[in-house]
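**Q** Chain by chain, the residues run as shown.
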Amino acid sequence: MTNDQRETPYLDALLRYRDRGFTAFHTPGHKLGKGAPAGLVEAVGLDLLKVDLAVAGAVEDTRESTGLVAAAERIAAEAWGAERCFFLVNGSTSGVQSLVVSLAGPGLPIIVPRNSHKSMLAGLIFSGAMPCYIEPVIDPEWGVPRNISAEAAAEAIATCGDARAFFVTSPTYNGFGADLPALAGLAHGAGMPFIVDQAWGPHFRFCSLLPVDAMTAGADAAVTSVHKLISGLTQSSVLMANAGRINLRRLAGVVKMTQSTSPQALIYASIDAARMQMATDGERLWTRALELAERARAAVNRIDGLRCLGDECLERPGIVSFDPTRLTITACALGHTGWQLETVLRDDYGIAVEAADTLNIVLNVTHGDDKDDIERLVASLEDYAARHRAAGGDVGAGCRRFAARLPAFTRQELSPQDAFFSASVPLPLAQCDGRISAEIVTPYPPGIPVLGPGELISPEIVDYLTEAGDRGLHVHGPEDLTLRTLRVVE
Amino acid sequence: MSASQTSDSGRRGPGTPGRSGGTADRGDPRQRRTPVLDGLLQYRERDYVSFHMPGHKRGRGAPPRLREALGAALDVDLPLTPGFEDTRQRAGRLAAAEELAARAWDADRAFFLTNGSSGGLHTLVLALAPPGSVVVAPRNAHVALTDGLILSGAMPVYLEPEIDGEWGVALNVPPQRFQDALVEHPEARAVFVSSPSYNGCCAHIEPIVAAAHATGAAVAVDQAWGAHLHFCSALPADALQQGADAMVTSVHKLTGGVSQASLIAAQGARLDLARLAALVAMLRSTSMLVQILASIDATRMQMVTEGEGLWLRALELAASARARLDRVPGLRCMGTEVTGYRSVADLDLTRLTVSAADLGWAGYDLEWELRERHRIAVESADAIGIVMNVTYADTPETIDRLVTALTAIAAEGPRSGTTGADRATQRLTLPPFSRLTMTPRAAFFATTRTVPLRSCVGEVSAEVVTPYPPGVPVLGPGEKISGEIVAFLEDFKRRGLRVHGPHDPALDTIRVVERPLEDG
Numbered sequence: 001m002t003n004d005q006r007e008t009p010y011l012d013a014l015l016r017y018r019d020r021g022f023t024a025f026h027t028p029g030h031k032l033g034k035g036a037p038a039g040l041v042e043a044v045g046l047d048l049l050k051v052d053l054a055v056a057g058a059v060e061d062t063r064e065s066t067g068l069v070a071a072a073e074r075i076a077a078e079a080w081g082a083e084r085c086f087f088l089v090n091g092s093t094s095g096v097q098s099l100v101v102s103l104a105g106p107g108l109p110i111i112v113p114r115n116s117h118k119s120m121l122a123g124l125i126f127s128g129a130m131p132c133y134i135e136p137v138i139d140p141e142w143g144v145p146r147n148i149s150a151e152a153a154a155e156a157i158a159t160c161g162d163a164r165a166f167f168v169t170s171p172t173y174n175g176f177g178a179d180l181p182a183l184a185g186l187a188h189g190a191g192m193p194f195i196v197d198q199a200w201g202p203h204f205r206f207c208s209l210l211p212v213d214a215m216t217a218g219a220d221a222a223v224t225s226v227h228k229l230i231s232g233l234t235q236s237s238v239l240m241a242n243a244g245r246i247n248l249r250r251l252a253g254v255v256k257m258t259q260s261t262s263p264q265a266l267i268y269a270s271i272d273a274a275r276m277q278m279a280t281d282g283e284r285l286w287t288r289a290l291e292l293a294e295r296a297r298a299a300v301n302r303i304d305g306l307r308c309l310g311d312e313c314l315e316r317p318g319i320v321s322f323d324p325t326r327l328t329i330t331a332c333a334l335g336h337t338g339w340q341l342e343t344v345l346r347d348d349y350g351i352a353v354e355a356a357d358t359l360n361i362v363l364n365v366t367h368g369d370d371k372d373d374i375e376r377l378v379a380s381l382e383d384y385a386a387r388h389r390a391a392g393g394d395v396g397a398g399c400r401r402f403a404a405r406l407p408a409f410t411r412q413e414l415s416p417q418d419a420f421f422s423a424s425v426p427l428p429l430a431q432c433d434g435r436i437s438a439e440i441v442t443p444y445p446p447g448i449p450v451l452g453p454g455e456l457i458s459p460e461i462v463d464y465l466t467e468a469g470d471r472g473l474h475v476h477g478p479e480d481l482t483l484r485t486l487r488v489v490e
Numbered sequence: 001m002s003a004s005q006t007s008d009s010g011r012r013g014p015g016t017p018g019r020s021g022g023t024a025d026r027g028d029p030r031q032r033r034t035p036v037l038d039g040l041l042q043y044r045e046r047d048y049v050s051f052h053m054p055g056h057k058r059g060r061g062a063p064p065r066l067r068e069a070l071g072a073a074l075d076v077d078l079p080l081t082p083g084f085e086d087t088r089q090r091a092g093r094l095a096a097a098e099e100l101a102a103r104a105w106d107a108d109r110a111f112f113l114t115n116g117s118s119g120g121l122h123t124l125v126l127a128l129a130p131p132g133s134v135v136v137a138p139r140n141a142h143v144a145l146t147d148g149l150i151l152s153g154a155m156p157v158y159l160e161p162e163i164d165g166e167w168g169v170a171l172n173v174p175p176q177r178f179q180d181a182l183v184e185h186p187e188a189r190a191v192f193v194s195s196p197s198y199n200g201c202c203a204h205i206e207p208i209v210a211a212a213h214a215t216g217a218a219v220a221v222d223q224a225w226g227a228h229l230h231f232c233s234a235l236p237a238d239a240l241q242q243g244a245d246a247m248v249t250s251v252h253k254l255t256g257g258v259s260q261a262s263l264i265a266a267q268g269a270r271l272d273l274a275r276l277a278a279l280v281a282m283l284r285s286t287s288m289l290v291q292i293l294a295s296i297d298a299t300r301m302q303m304v305t306e307g308e309g310l311w312l313r314a315l316e317l318a319a320s321a322r323a324r325l326d327r328v329p330g331l332r333c334m335g336t337e338v339t340g341y342r343s344v345a346d347l348d349l350t351r352l353t354v355s356a357a358d359l360g361w362a363g364y365d366l367e368w369e370l371r372e373r374h375r376i377a378v379e380s381a382d383a384i385g386i387v388m389n390v391t392y393a394d395t396p397e398t399i400d401r402l403v404t405a406l407t408a409i410a411a412e413g414p415r416s417g418t419t420g421a422d423r424a425t426q427r428l429t430l431p432p433f434s435r436l437t438m439t440p441r442a443a444f445f446a447t448t449r450t451v452p453l454r455s456c457v458g459e460v461s462a463e464v465v466t467p468y469p470p471g472v473p474v475l476g477p478g479e480k481i482s483g484e485i486v487a488f489l490e491d492f493k494r495r496g497l498r499v500h501g502p503h504d505p506a507l508d509t510i511r512v513v514e515r516p517l518e519d520g
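From first to last, the protein sequence lines are chains X and R. Sequential numbering from 1 applies to the first sequence in our numbering. Sequential numbering from 1 applies to the second sequence in our numbering.
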């Protein structure tokens, strides 16, 4: 190692500024908290406001950049195993967009999984690229997408051989990992850069018991959220990249375009500190988190009426690794949706979960948890199950059948960019057959779009969305969330 | 009518009837609500066990020195998801807070942004200037506007701002130049205005709006430095009050937001608000920092309910600083004389642009001196002057400390031994910028090569080159490089001045277009 991973140059500079006690005539207007509204001081505390600084002029020297961010990024690049690392202050969203925009211009094809994060679609709209979608299989038992199999990847490369890049999301939201070394080999064999949206895997590289990380597996670039599972502030992410198949100069230019020119010094400092913590102590911290998660999983699976997804998933096609620190739990057997379970946990037991949909809840176990948290979770779920077991009735099975019956992707008639910027009009759903969608419609579950901008609307899709609207299925994306109308290209 | 009269009529003294925005809602009890901030406080009070993002779990897992730096803030670092509010109405609190903000700024819609006004400008450019369209914009617009054009693929028609040679800063673009451009380019769909400028100079927005609306173009204002304008009658007028269709403003720059807190306010008459909303959703992170959102919410409440008094106080403090600094021999402070320019309608007097160039001080050195010897941190510095913000967070003590320090520096007499501010730099004449031969997008994504500066004549630039002073680009992506521009840059280099933008800041080489990006 050439860098000392114990160092935190950016955090140090921030604290140095604070400790010198400057009189501020710079942004922000609250001036180190003195003018902040009382409610804000109460909520976030004066400590934060005292280090809420503009990057230039306060933390850095205005005469010449002392390269603090660059220094912190260099150490982080080494920690995550990449040639370059960019600190992102606008979340992994901005990282995915930067990669799409810098890798593919108007009309150029890229291979992307259909269950990509929504930032992928925004990237396609900004770049003008044409997506070649790989459709992941939906796991019939849990109603969530599995990952991309090597067979599906090979097929996509065969049909879209001129693609400028191959994107994959790994791990998925529920912790399913793709066969990254195999996919990297396939992409590279076809001369395509291999890019991984590793938003949910910032910890992988730092603990030998966790799945292999994207850069080790041969990715040319990866985006990971520092805030999701490790110690960064919300919105903190990093983008890692290797030269060779990627034009780093162009990427750097686009990354700069997607970030505020008044970046939050606190977000930079939190990335710096989180990297230090993982590089120096990650193995121990995540070994403990894994123990806690396995204890929770085993206990939940002993509760009559509840089930927690575990590594039995590894035998299913498209799933070659699993992050056990993600807990996906269902109470379908007790007749409860994920939303009901989430509400009960929140209101009756004071437990806040990561996400809920009609089927499941998802919880994160991290190095920030301790034994007491896990015991409280398990005791709460036991108590809940005991109280509600009598309620009975398997409404969950209906949801599951519904989620598994996603209509087939039709075809991309216009690029997402052309469709988005076209004149469009809202039409009653029943009249949309044969039209081109101007918007995205993603039902949860399974969190895979049924429609994206530029896609042909089939009768099957109209039927599906009619039923989804009647059932009140939760959708993201369209202007009319009740699905009575869809916006189509005019 | 003289320029100063224009300025006087534009300024609304306390008690002046008319468009004194904010006042309409000042008595509205709903404006005391802070839905996002309340959600944060409620989460903390209920003391949830967190099984959600972020991984530090309310700070417990964070490294100790990060905890030391951020304190209680980690305890309320939350996603806008379960715990914060009902999952099925996850936009509930944010939407309510945005609606209150829309009302506060007298707009049809408002959007909270957590990626700064840069993100807001990208959004507005994409919303108003889609691929293939033409947009009129000032040459000295913030770099985020060019970035937005690179993302959207629109073609800009740039207008030159007036430049004050003494201060070496760009002012605004005179309204006549907008009117002429709209006659020449009736196809333009959108007009962008930057106002106030970095030094607080406000543009004549009303005539620009009138000209644009007459040809069917919408007007968007980069009002990054004007979040406070709507809330105090003694400050220059707000962009929306002058008829603009949309504006983006930095809630963090001069008011109570934390860094990266910004806001778009827009009217629906000429803008497709649904498309704008879709673009906002695409460009903001799906994991927004809730402390930023809460700070926008709390600041809106503070400005509506107390803004008038708070900013009157800030204006008084700034006036006392100006009066004292003007008496110190060798120091100069930019004042209302700038309203004598055709492009300047008004000056935000809370922004202090100060120079000790007459004593041989470069702004950079003055900033260093204030920082290292007097522990005073300024907003920015260039070769000539320094810029400082006075806000309602200042007190007579902070102002006194600033004035005392500057007085002490000036009392040491003329600076010797160094060149200080090279007076000649103030008389730099910018070369005329050349026409675009392709869109900024086509040039940015082109195949490029690096060429020595002196061999660049006739090539098309792939990058932005902005000399400071005065902070106006001489080259942008897609623009032909003239002999005049090369000569200017060589001269600029010789004087040891700085440029922003190019990959080679030393300017030995420029990156030029070899083969532009082609569609398909």
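Hints are not guaranteed to be accurate.
As the list claims (entries may be wrong) - Computed list of lysine to aspartate or glutamate pairs in EDC-like fashion (alpha-carbon distance at most 16 Å, straight line): (1) R:Lys493 x R:Glu459; (2) R:Lys480 x R:Asp491; (3) X:Lys50 x R:Glu68; (4) X:Lys34 x R:Asp504; (5) X:Lys34 x X:Asp47; (6) R:Lys493 x R:Asp508.
Just so you know, the hints here were simulated from the structure itself, not pulled from any lab data. In this text, all values refer to a predicted model and were calculated from it rather than measured experimentally.
**Q** Hints first: check each against the structure and report whether it holds.
**A** Checked hints:
1. Between lysine 493 of chain R and glutamate 459 of chain R the CA atoms are separated by roughly 20 Å; this puts the pair beyond 16 Å, and the hint is violated.
2. Among the hinted pairs, lysine 480 of chain R with aspartate 491 of chain R is inconsistent with the structure: their alpha-carbon atoms are about 19 Å apart, more than 16 Å.
3. At most 16 Å may separate the alpha-carbon atoms for a hinted pair to count; lysine 50 of chain X and glutamate 68 of chain R meet this at roughly 12 Å.
4. For the hint pairing lysine 34 of chain X with aspartate 504 of chain R, the CA-to-CA distance comes to about 40 Å; that exceeds 16 Å, so the pair is violated.
5. For a cut-off of 16 Å, the pair hint linking lysine 34 of chain X to aspartate 47 of chain X stands: about 12 Å separates their Cα positions.
6. The hinted pair formed by lysine 493 of chain R and aspartate 508 of chain R meets the criterion: a straight-line CA distance of about 9 Å does not exceed 16 Å.
When the structure is compared with the earlier hints, violations turn up for hints 1, 2, 4 and for no others.
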